[in-house]
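So the sequence lines, in the order shown, correspond to chains A and B. Numbered according to the numbering used here, the first sequence spans residues 80 to 782. Numbered according to the numbering used here, the second sequence spans residues 80 to 782.
Since the hints were made in silico from the structure, they are not lab data. Please note that a few of the clues may not be correct.
Where chains are identical, the list cannot tell them apart; a pair therefore holds if satisfied intra-copy or between any two copies.
Unchecked claim - In silico lysine-lysine, DSSO-like type, Cα no more than 27 Å apart, as pairs:
(1) K721 to K737
(2) K625 to K451
(3) K721 to K276
(4) K448 to K666
(5) K666 to K375
(6) K737 to K625
(7) K451 to K666
(8) K496 to K650
(9) K625 to K666
(10) K590 to K361
(11) K625 to K448
All values derive from a computational prediction rather than experimental measurement.
2 protein chains.
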Amino acid sequence: MLQANASVIIALLMGIAGIVYVKWQLKRVLSCDEGNETMRSIAAAIQEGASAFLSREYRVLAIFVAIVAAIIAAFLAWQTAVCFVVGAVASAGAGYLGMYVAVRSNVRTAAAASHGLHQGLRVAFGSGAIMGMSVVSFSLLGMTILFLIFSGSPEQLTYVTGFGFGASSIALFARVGGGIYTKAADVGADLVGKVEKGIPEDDPRNPAVIADNVGDNVGDVAGMGADLFESYSSSIIAAAALGASLGANSLAFIGLPFLIGAVGVLASLYGIYMVTAEDNWKIRQSTNPVLVLFNKFVTQIDETASLQALLDALRRSVWGASALIVVFSLLAVLLTGVSLNYWFVILVGLVAGNGIAYVTEYYTSYTEKPVKSIAEACQTGPATTIIQGTAVGMMSTVFPVLITAVAILVSIWLGHKADGSITAGLYAVALAGVGMLSTLGVTLATDAYGPVADNAGGIAEMSHLPEEVRQRTDALDSLGNTTAATGKGFAIGSAVLTALALLGAYITAAKIDSLSILAPTMLPGILIGAMLPFLFSAMTMSAVGKAAYNIVLEVRRQFQEIPGLMEGTGKPDYAACVGISTEGALKEMMIPGTMAVVVPLIVGFVLGKEALAGLLIGTTASGFLLAVMMANAGGAWDNAKKWIETGQYGGKGSDAHKAAVVGDTVGDPFKDTSGPSLNILIKLMSIVSLVFASAFGSGWLSF
Amino acid sequence: MLQANASVIIALLMGIAGIVYVKWQLKRVLSCDEGNETMRSIAAAIQEGASAFLSREYRVLAIFVAIVAAIIAAFLAWQTAVCFVVGAVASAGAGYLGMYVAVRSNVRTAAAASHGLHQGLRVAFGSGAIMGMSVVSFSLLGMTILFLIFSGSPEQLTYVTGFGFGASSIALFARVGGGIYTKAADVGADLVGKVEKGIPEDDPRNPAVIADNVGDNVGDVAGMGADLFESYSSSIIAAAALGASLGANSLAFIGLPFLIGAVGVLASLYGIYMVTAEDNWKIRQSTNPVLVLFNKFVTQIDETASLQALLDALRRSVWGASALIVVFSLLAVLLTGVSLNYWFVILVGLVAGNGIAYVTEYYTSYTEKPVKSIAEACQTGPATTIIQGTAVGMMSTVFPVLITAVAILVSIWLGHKADGSITAGLYAVALAGVGMLSTLGVTLATDAYGPVADNAGGIAEMSHLPEEVRQRTDALDSLGNTTAATGKGFAIGSAVLTALALLGAYITAAKIDSLSILAPTMLPGILIGAMLPFLFSAMTMSAVGKAAYNIVLEVRRQFQEIPGLMEGTGKPDYAACVGISTEGALKEMMIPGTMAVVVPLIVGFVLGKEALAGLLIGTTASGFLLAVMMANAGGAWDNAKKWIETGQYGGKGSDAHKAAVVGDTVGDPFKDTSGPSLNILIKLMSIVSLVFASAFGSGWLSF
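Produce the complete structure using the sequences and hints provided.
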């Protein structure tokens with residue numbers, strides 16, 4: 080039977096394998112053609128902006144991490160502080176790498192698209208794969224090394240929870256700050272450029288245009304990556320922590336989530352291979368019977384591939400990886416010697432993740448009824464557009480909630496049947512989360528591909544590439560919109576399972592014996608918890624407005640003070656706008672961010688550990704709903720506009736289109752700032768509670 | 080010591096006293112001048128429309144009540160079915176009376192306003208007082224009579240819960256149906272009348288104009304009345320049911336909420352007297368020292384009274400009643416011989432109710448920052464208007480939640496300290512709800528006054544009364560908007576306390592011993608419960624759109640088929656539009672309404688009674704937040720528009736005003752349909768669970 084250490088070492092090795100792949104793929108992407116002079120200069124500006132953002136952000140982050148690490152070291156243990164720092168660094172590193180390659184792949188994707196749709200896809204997807212595999216590998220590597228170092232003492236897993244807290248803190252900055260940044264730059268650029276100066280979108284004369292392009296990467300690459308880095312790490316940590324209290328066989332239970340992570344790397348690599356493999360590779364032409372089977376399912380992507388074929392290729396890569404997980408996780412369960420029920424639990428997670436992703440796609444795709452109903456409502460003006468979009472967003476919560484509820488119920492039931500305890504049930508919930516995220520390497524690749532294709536389209540537009548190339552980048556971009564919707568579904572679904580798993584781990588760690596709904600502080604805790612996502616969303620939405628206003632002022636200043644800017648002879652100071660967006664975003668996110676860390680601590684110390692459990696339940700439930708609602712309403716408004724732009728209801732410029740633009744603008748902070756930030760809120764609050772679990776008592780209000 | 084029966088008999092007598100007052104006030108209001116010919120003919124059309132609505136609605140209701148009563152008689156007990164029918168009839172009766180007088184006071188208010196602001200106020204407030212006192216008296220009378228009939232058997236209180244269920248069912252129709260009705264008529268009238276035909280608002284040629292005016296009464300008088308009828312009845316029932324399980328002294332505990340209701344009638348009558356008293360009354364001129372003190376605080380309302388003086392008069396009437404409650408409830412607590420802690424609990428409820436009302440006013444009044452921030456955002460178009468309004472609505476949830484959480488915490492703590500059990504704590508929560516609603520007679524009067532003044536303004540406008548009179552009715556109307564906001568705060572706050580009290584009663588009645596958060600079905604129950612308000616809101620919002628569409632078709636038909644309608648020589652068929660609005664509203668509310676009744680039953684039977692408790696908690700928490708958010712966002716948008724109409728940011732017709740109109744239109748279904756309907760959803764689900772509590776087992780999924 081495979082015990083904890085053996086499983087962890089396998090995971091460590093797979094983490095290293097992932098990094099080897101990342102290095103190889105990185106070299107491959109960077110060796111691609113960078114296109115002509117104009118393209119390179121635009122790309123350079125975006126890269127410069129991204130560096131400016133990262134250097135500013137990491138300076139603030141360093142201070143934050145140092146302060147929190149000191150607090151942890153002082154009040155809990157230095158080992159936890161070390162794990163916290165490692166988690167922060169690993170997450171930041173993965174985010175840095177993902178963004179580094181994304182802002183270099185955009186121009187290469189545009190150049191490759193000159194040779195065909197399939198070449199563009201390979202470059203952009205390769206970039207996404209680097210992000211996906213870095214997230215998974217950095218996370219596995221960090222956790223396994225810390226586990227092996229601090230192994231032997233009984234508190235080992237308590238220390239390692241610090242890793243999740245560190246990852247969570249970075250995610251907070253990346254998601255909230257990034258979300259504010261991207262929408263502030265977007266709105267700021269539009270308000271002065273399009274409205275006041277009358278220059279087109281993506282015009283290089285606009286000083287905020289680069290900040291806008293940087294924003295896409297900041298929000299959708301770095302933000303999404305950090306978000307899922309955290310879900311991935313925390314679901315494994317929560318499962319391991321719960322496994323540790325599962326009695327006799329606990330070492331096998333601790334090892335299993337790591338082992339699933341390890342086989343997930345293999346499965347994801349196969350999925351990525353299914354998209355990026357080229358016909359002239361040796362491995363593609365091998366006659367070895369195993370490799371023939373291995374190659375049998377690989378999609379043929381050549382110059383004749385249609386858009387639909389490419390979408391199918393992306394989908395099949397996820398399905399291929401999932402199929403491998405089904406087999407590999409059975410082996411993992413057999414090897415660790417735990418009940419076969421846990422294999423079913425992993426499958427439940429896998430199915431639930433794909434189910435939620437499917438629902439998300441249904442509600443946000445313009446080939447389906449919900450988006451069309453919004454487009455129809457656009458005919459009677461912006462008010463009905465907003466009402467119908469809100470109704471669609473609210474309606475779209477139904478199936479994700481039912482899927483999650485059933486997944487939790489079945490997981491708890493399977494765990495309970497296998498090992499007869501509530502803890503086993505909670506362990507199963509955590510394991511379902513691990514299962515949902517096991518193919519993260521490839522699902523994140525299909526997701527992080529999107530913004531690269533989006534940027535490539537912008538570069539093609541700005542550098543006036545031939546019509547045919549721009550059509551191809553547009554096609555790649557629209558493909559990215561579909562995968563982005565799916566990715567958001569995964570991010571939310573996994574956040575909920577992770578938060579609940581962390582809640583279970585917290586309850587175990589805080590040694591709460593009976594957690595009655597009727598405990599005096601429970602109902603107030605739940606109510607306050609349910610309120611926090613509303614407060615948090617209100618803050619982040621207002622923050623976008625404030626930050627955008629500062630950018631408007633800066634853009635106006637540059638147009639006034641830089642000679643020849645409007646005529647195209649003066650060079651705008653892109654970095655200034657980037658700096659202001661960054662600064663504004665980081666400043667505006669301090670209050671909501673601090674709130675996420677401080678409120679659980681206040682409630683835990685003042686109202687006690689039971690109230691804190693109530694708080695977490697309330698926040699998770701209402702945060703889940705609000706996040707799904709806002710993300711899907713935003714996505715649906717966006718695509719209703721795109722649907723009208725295909726010529727429906729009068730097409731571009733019609734009254735219906737104007738109403739749709741209002742919907743889209745309202746949806747921007749919904750789907751790119753407030754909604755996704757809630758993923759972090761619910762996880763961060765849970766992990767803060769878990770890390771500080773041992774410090775909470777029964778509160779000042781004891782009965 | 081006062082025992083249950085004595086307290087109940089006192090409450091019965093006070094109920095009768097209330098009805099005597101209602102009869103007297105009704106005679107007084109109806110004897111007022113009805114104005115000129117034109118005014119009377121407009122009023123007659125509104126009255127005709129209201130009758131048409133009521134006759135249709137009550138036909139559907141009778142079928143619904145009969146079916147549910149049969150189910151209750153078959154599966155539970157015939158006594159419960161009787162109580163259910165009585166509750167439904169009592170609520171419907173109060174609603175009928177309130178609406179009957181409201182549609183007759185509107186024209187009399189307009190006529191009285193010719194003689195002065197204060198005369199208009201007295202008539203409109205008198206109409207509100209009839210609504211307020213009928214709700215309180217009918218409820219007390221119904222409950223006490225049933226209590227006395229079914230007294231003696233141990234199940235007596237279980238039977239009487241049927242009264243709350245009956246009231247709840249009527250409330251569902253009144254709120255959801257009324258909410259859909261009023262907004263469908265509003266939108267339908269505008270779309271054809273203003274947009275297609277170019278005739279002004281409130282033009283008598285528009286066949287839907289009467290439906291629109293009827294709608295105001297349907298939603299804001301009958302809907303609000305039924306909503307609070309239910310809160311009032313259910314909070315008393317829940318307290319009594321919980322009191323019954325409080326051991327030795329249980330008879331005193333059962334009696335106390337009835338006694339508070341009884342003294343509340345007295346206090347409310349004093350509050351109403353403070354506004355309506357005229358100087359030539361004998362009682363006003365009495366030299367009896369008690370009556371001199373009694374008169375000392377009565378506001379002098381004469382022809383010189385300013386608008387601010389009138390607002391103060393309304394506020395002082397609520398404060399005067401509250402002050403009396405402080406004294407009377409101390410007597411009640413001393414008479415029943417329970418711990419003084421329960422007196423504090425009543426005060427907590429009273430303070431919490433006023434606190435929530437104050438916050439609601441702050442967030443929706445255009446003299447305060449939140450509404451001004453929305454008006455400012457209107458300058459940059461409809462999108463920023465919607466974003467800022469949503470942010471304000473979300474932000475406005477913070478204090479109502481904190482106030483409620485503290486009220487619950489303190490109540491549980493006080494109850495627990497007094498009688499050392501969790502049930503005592505829950506009893507205290509229910510009692511806080513009773514305390515919050517103890518002054519309902521007068522708070523509802525200030526609230527139901529609003530739509531009467533609104534209608535009076537419409538009648539004054541349509542019948543071209545002198546400028547001076549219209550200014551007065553406008554002033555009375557704006558006063559009504561302020562009190563309406565306060566009333567909405569009370570409705571939501573009391574709904575939450577009532578729902579939690581009913582939850583407590585359900586848990587006791589279902590004999591759930593340990594209700595752990597970690598029970599396998601609890602988390603899925605909470606998640607599904609939290610989702611229901613989103614689903615419900617999505618349905619009711621879509622319903623408004625569908626019903627409005629049917630009215631558009633009918634109005635178009637009448638303009639085509641009735642000769643001379645546009646020229647003013649043909650008479651429009653108002654009743655047809657009223658009928659279609661009614662039918663549409665009742666049809667569209669069937670699915671969401673049925674859902675509210677059926678889902679708790681399904682969850683209770685399939686997932687078991689623990690999951691049902693989780694479901695109720697989830698629904699209450701997320702329903703509370705969504706209701707506050709939608710009501711306040713809607714109110715804030717409405718007043719942001721009004722603020723701009725005072726000349727800010729370009730005033731009427733400016734781009735900012737156009738953006739504000741979009742916000743106001745989005746806010747309409749938020750604040751008048753979906754938001755208030757959630758009050759009913761959370762209470763109805765709780766009371767259905769309580770009524771069927773004994774029938775639920777541990778579900779099909781036992782572990």
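Outcome of the hint check:
1. Taking identical chains as interchangeable, the C-alpha atoms of K721 and K737 lie at most 27 Å apart whether they share a chain (12 Å) or sit on different chains (25 Å).
2. Taking identical chains as interchangeable, the C-alpha atoms of K625 and K451 lie at most 27 Å apart only when they sit on different chains, with a minimum of 16 Å there against 33 Å within one chain.
3. For a Cα distance limit of 27 Å, the shortest separation of K721 from K276 inside one copy, 25 Å, qualifies, whereas the shortest one across copies, 32 Å, does not.
4. For a Cα distance limit of 27 Å, the shortest separation of K448 from K666 across copies, 23 Å, qualifies, whereas the shortest one inside one copy, 40 Å, does not.
5. Within a single copy, K666 and K375 get their C-alpha atoms no closer than 52 Å, and across copies no closer than 56 Å, so neither meets the 27 Å cut-off.
6. For a Cα distance limit of 27 Å, the shortest separation of K737 from K625 qualifies both inside one copy, at 24 Å, and across copies, at 23 Å.
7. In this homomeric assembly, K451 and K666 come within 27 Å of each other (Cα to Cα) only across copies, at 24 Å, whereas the closest approach inside a single copy is 39 Å.
8. For the identical chains of this complex, K496 and K650 are neighbours neither inside a copy (68 Å) nor across copies (73 Å), given an alpha-carbon limit of 27 Å.
9. In this assembly of identical chains, the alpha carbons of K625 and K666 lie at most 27 Å apart only when taken from the same copy (10 Å versus 45 Å across copies).
10. Neither within a single protomer nor between protomers do K590 and K361 lie at most 27 Å apart by alpha-carbon distance, with minima of 57 Å and 70 Å respectively.
11. For the homomeric pair K625 and K448, the shortest alpha-carbon distance between copies (16 Å) is at most 27 Å, but the shortest distance inside one copy (36 Å) is not.
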